[in-house]
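Q: Chain by chain, the residues:
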Amino acid sequence: MTDQEIKNKIKTEEYFVNMGPQHPAAHGVLRLLLTIDGEIIKNVEPDLGYIHRSIEKMSERDSYQQIVHLTDRMDYLSSNINNEAVCLTVEKALEIEVSDRVKVIRTIISELTRIASHCLWWGVMGMDLGALTTYFYAFRDREMINDIFEETCGARLTMNYNAPGGLMYDIHPNFVKRTKDFIKHFKTKIPEYDRLLTGNIIFQKRTKGVGVLTKEDAISYGATGPVGRGSGFSCDVRKHHIYSAYDRVDFKEALLTEGDTFARYQVRIMELWESISIIEQLIDNIPEGSVKEPTKAVIKLPKGEFYQRVETARGELGVYINSTGTKNPYRVKFRSPGFSNLSVLNHIAKGSKIADLVATMASFDFVIPDIDR
Amino acid sequence: MNFLIMNIPLNITSTIHDWIYSIMPETAASITIMVLIAVAYLALFAVAGLYLVLLERKVAAWFQLRLGPNRVGPWGLFQTIADALKLVSKELTSNDRVDKFLYNLAPYFVIVSALIAISVFPFSKQFQAFDINIGLFFLIAVSSIGVIGILVGGWASNNKFALIGAMRSGLQTISYELSVGLSILTMVLLTGTLQLSEIVEVQRTGGWLILQGHIPAIIAFCIFMIAGTAETNRAPFDLVEAESELGAGFHTEYSGMKFAYFFLAEFINMFIIASIAVVLFFGGWLSPFGITDGITWFPEVLWFLIKVLVIIFLMMWFRWTFPRLRVDQLLTLEWKYLLPLNLANLMIMAVIIWMNWTI
Amino acid sequence: MKNEDLQNIINGLGENLEFTTEESEFLNVLVPKEQLHAVCSELKSNPELKFDYAFCITGMDWGKELGVIYHLNSTEFQHEIVVKVKTEDRENPTLDSVHDIWQTAEFHELEIYDFFGIKFNNHPKLRRLFLTPDWEGYPLRKDYVDEANMIIK
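First to last, the protein sequences are chains A, B and C.
Everything in the first sequence is counted per our numbering, starting at 1 for the first residue and increasing by one.
Everything in the second sequence is counted per our numbering, starting at 1001 for the first residue and increasing by one.
Everything in the third sequence is counted per our numbering, starting at 2001 for the first residue and increasing by one.
This is chain A alone, in the form it adopts within the complex (with noise of 0.2 Å):
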């Protein structure tokens, strides 16, 4: 008998399995129903919605100033980035020109966002696929950012430090001494890392050509971010559509062409070096000026409709505000990185296992608050 005869011959059922809102390894509140064959998966349909905040329809009655303090609960391991976007949606609209200190701040505060996401997803993929010891490296180094941003910004996670005009106050005397030193002490530390995961045989047995993602299907289910640079999709806001003080650094955009679970691993640890790159070039010469242009105290933008897009860590996340003219919003509209990315999962993960889900989830990095909104 062939093979194909003798799978005829034995019936096997498929069978439904939760990895349900509560999970381990589902970063966040995430409610995947997969359909399963023995070991390989079927189908994979997520059902979201456990953290959804209604944030759209809240901005619709909001100040644009309150709008901001919103949207530091999508994505709060990018909560900066994500102040940046409104913020400058808002500027664009009201044709403010921020001061260049505002920008060079604005950029290293990001780029430190960054690193601290990236760090975090370092730790929390070492630990879906069992090495448990990466998570407290991770964080080891995580809360030395933490420590900068609480210095300055006022708080660890939610640090609401951009406003509409510029930033809410000046940056902390520290905040120079302390940058430079981190940033010497993680230079030693990625190497680190590199000796931890990425050079072990187990690790790159599990990653390597696993949820393989083409080029044309990144592109069309608009996966941005790490997951469309690693299958070759030049995505990069900060290099296409060029915002704050992105146009005075030179760095590279991380784009590799394999489009497995390894290529967005390395994606992100290029990213790490690159991120350090543009910190180094700007700390030293923060330029002196203006904190905050002068705003009206209520914000009324004119009567149209505004599109900004930065780069998170997860993607490229884009605001559209469509105004008529009064001091709320008509419509705002949150284009978050982690719901395209999530549509990519049943694509990829059809005929694979499920250690290979959990390998590719943790190359995501999805945070659920981004995706629920």
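Please keep in mind that the hints were generated in silico from the structure rather than gathered at the bench.
There could be a bad hint or two in this list.
What the hints assert, rightly or not - Straight-line C-alpha distance at most 30 Å; calculated DSS-like pairs for lysine-lysine:
| hint | chain 1 | residue 1 | chain 2 | residue 2 |
| --- | --- | --- | --- | --- |
| 1 | B | Lys1160 | A | Lys353 |
| 2 | B | Lys1160 | A | Lys205 |
| 3 | A | Lys300 | C | Lys2142 |
| 4 | C | Lys2064 | A | Lys327 |
| 5 | A | Lys205 | B | Lys1336 |
| 6 | C | Lys2033 | C | Lys2086 |
| 7 | A | Lys303 | C | Lys2084 |
| 8 | A | Lys215 | A | Lys42 |
| 9 | C | Lys2084 | A | Lys215 |
| 10 | C | Lys2086 | A | Lys92 |
| 11 | C | Lys2050 | A | Lys92 |
| 12 | A | Lys42 | C | Lys2125 |
| 13 | C | Lys2044 | A | Lys239 |
| 14 | A | Lys327 | C | Lys2142 |
| 15 | B | Lys1058 | B | Lys1086 |
| 16 | A | Lys300 | C | Lys2086 |
For clarity, every value in this text was computed on a predicted model and none was experimentally measured.
Once you have looked at the hints, place chains B and C on chain A.
A: Same frame as chain A, but now just chains B and C:
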């Protein structure tokens, strides 16, 4: 039956032995002695299990740049006693569709097989409960009974996740038993005997077996460590209880004392694998280079324990460093790499012994 | 490519297309809903346009009409355009699904159905994504009233 008298310094046990024989008829006395020895081993088993758990937590903390339990008692020494008390007082929950008889029976399989396996180890010259001439063979046979407990536990739980976990564990253990058995066989070629106390005697005169057998013995040791870690379902082969994948594997439905049985049995299995490695490769209770042979009051048990603890530390080091393997990679490792390597190693050892190239 | 050239090419792809660039930084095209699928396929496959990346798909309630706004970008030529489609029917709004053109639309259309109630023809499995399946009403519409959950200043 032959019992070797446990010679704790001050000869307590021989005193007890004589005293019991003097107050009871012979059969009753021998039964009482057996019960006493069994109770002593149970106590050893419980204490060893508890303190191995604490050791694992401390070692994990050391690797992860933190402290570990240090509140309950000095250096956290009473931590697992507190945990054991908590587990004993927990409600034994289960759902109403489990197969009651099998569900309750499953933990006892793993415990009993682990206990029987401990009884044959030569902790020191006088400290061995059960010295039979097929010692190693008996050991391997008994430790494969534990698999039944896992499979029965997973099946009886009436839970998809538990069943998947139990199936994975079953096929993992059965595959790696081959490698364990073959690497042990490689060393038996050197010793020529299966009796554990004789194996240690061979090493007293000729030096540790891992040095006697040089290259094939080192290869056999590496394979034994890999296969032994897989036998006990520890990382990097712990997909059976992969927390980040499927809940808690085959012991999802167990709580309280029954869960404690599975948990302790894993640590005792680790102890057993380490003890086999020490007896076969590193000289059992002999001191290195015969340092303390002249000191008569020095308890040789201490050397045995030190060596076992070093091997256990090595196994813990594996767990906290490596990510885990996928199930098909695990099987590929065994059937395509370890098994042929083992067979080749066996041939090399046979050739070396035949040509008298041992040290 | 400049907006004028884009306008010229796209004008030939359908009838009754309305173009505007005021109140927006992009070229806006208003497409009648019957021609949506045909125009969008052309936008993707035409070798001079090649809009292969839909970076934002938004549902919208203009007060009288409901509709969808597509922000499109071409990865090769790096030009961008906004396509809008409206429907006056508020009881049973239906539009064509474009998920076979841009696969990201599959999830975005689920979101729009969930919050606005717009049904999409030819969608593989239309279901409520964020809200529970027994939720009544469509929250992001302007006439949505919910005294228990909404706090209005």
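Q: Compare the structure with each hint and give your call.
A: How the hints compare with the structure:
1. The hinted pair formed by B:Lys1160 and A:Lys353 meets the criterion: a straight-line CA distance of about 16 Å does not exceed 30 Å.
2. Taking the CA atoms of B:Lys1160 and A:Lys205, the gap is about 27 Å. The hint holds against a cut of 30 Å.
3. At most 30 Å may separate the alpha-carbon atoms for a hinted pair to count; A:Lys300 and C:Lys2142 meet this at roughly 20 Å.
4. Our distance criterion of 30 Å between C-alpha atoms is met by C:Lys2064 and A:Lys327, whose separation comes to about 22 Å.
5. Annotation: proposed proximity of A:Lys205 to B:Lys1336 holds, straight-line Cα distance about 16 Å (limit 30 Å).
6. At most 30 Å may separate the alpha-carbon atoms for a hinted pair to count; C:Lys2033 and C:Lys2086 meet this at roughly 7 Å.
7. Proximity of A:Lys303 to C:Lys2084 is assessed by CA-CA distance (about 18 Å); at most 30 Å being required, the pair is judged to hold.
8. Taking the CA atoms of A:Lys215 and A:Lys42, the gap is near 23 Å; set against the 30 Å cutoff, the hint holds.
9. Using a Cα cut-off of 30 Å, the hinted pair C:Lys2084 and A:Lys215 holds, with the two alpha carbons roughly 27 Å apart.
10. A threshold of 30 Å between alpha carbons decides the hint, and for C:Lys2086 with A:Lys92 the separation of about 27 Å falls inside it, so the pair holds.
11. Restraint check for C:Lys2050 and A:Lys92: the C-alpha separation of about 28 Å stays at or below 30 Å, so the hint holds.
12. Simply put, A:Lys42 and C:Lys2125 have alpha-carbon atoms about 16 Å apart, close enough for the 30 Å limit, and the pair holds.
13. Between C:Lys2044 and A:Lys239 the CA atoms are separated by roughly 24 Å; this keeps the pair inside 30 Å, and the hint holds.
14. Between A:Lys327 and C:Lys2142 the alpha-carbon distance is near 17 Å, which keeps this suggested pair within the 30 Å criterion.
15. A distance of roughly 20 Å separates the Cα atoms of B:Lys1058 and B:Lys1086; the hinted pair therefore holds under the 30 Å criterion.
16. Of the pairs offered as hints, the one joining A:Lys300 and C:Lys2086 holds, with about 27 Å between alpha carbons and a cut-off of 30 Å not exceeded.
The structure meets every hint from the earlier list without exception.
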